[in-house]
Amino acid sequence: MSILGLEFTVKQTFRNELGDRVWKIMSKVEDMPKYWRGHREISVVGNDGSNYIVKIRFAFPGPNNTGMARIFVDNENKRVTINYIRGPIRGYVINYISNNTIISQWSVDINPLFVLMKSWIKRHFMEGANNALLRIVNEAETTT
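So for the sequence shown, this note's numbering puts the first residue at 5; every next one is plus one.
Take every hint as true, because none was put in to throw you off.
Simulated crosslink set (BS3-like; lysine-lysine; CA at most 27 Å straight-line): (1) Lys15 - Lys32; (2) Lys82 - Lys28; (3) Lys38 - Lys15; (4) Lys126 - Lys59; (5) Lys82 - Lys126; (6) Lys59 - Lys38; (7) Lys15 - Lys82; (8) Lys32 - Lys59; (9) Lys32 - Lys82; (10) Lys82 - Lys59; (11) Lys28 - Lys15.
Cβ pair distances, simulated, as ranges: (12) Met130 - Thr70: 21 to 29 Å; (13) Glu80 - Trp124: 35 to 43 Å; (14) Ile57 - Ser111: 15 to 23 Å; (15) Asn20 - Gly50: 31 to 39 Å; (16) Lys122 - Arg19: 32 to 40 Å; (17) Arg19 - Gly66: 35 to 43 Å; (18) Thr17 - Lys122: 24 to 32 Å; (19) Gly53 - Val119: 34 to 42 Å; (20) Asn69 - Met130: 15 to 23 Å.
Calculated directly from the structure, the hints in this document are not laboratory data. Glycine is no exception: its CB is placed at the ideal position from the N, C-alpha and C atoms.
Input sequences plus hints: build the corresponding full structure.
Laid out in structure tokens, this is it:
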């Protein structure tokens, strides 16, 4: 891992009967900002079935708060792969369901301008990812 790299995994369990609801929520690309609060806005630029190209406006202010990502929604394996290709972070986030657990695996590089804040950013991203998973599970519990 490079000096700019951040890698971590967070998990959240849910009741077994909620699996389909959890998947429906986490696989809807347009709704990502509702659960992943680090994304203020997502605009789908292109869509070819399960493949999306999106423009992202991140939640922090400033001129470097936009980026692009490729997102692949794998319905068969219940996996959403986000490849951040341009912007303040680059790399992969893979969100998937295994048994009755939603898992978010991160392997991203931050912009060199933020290297001095790397440990804070990692904690912030981990907390945000954990909160996003909780929001997804809570939404699944309240949806009929």
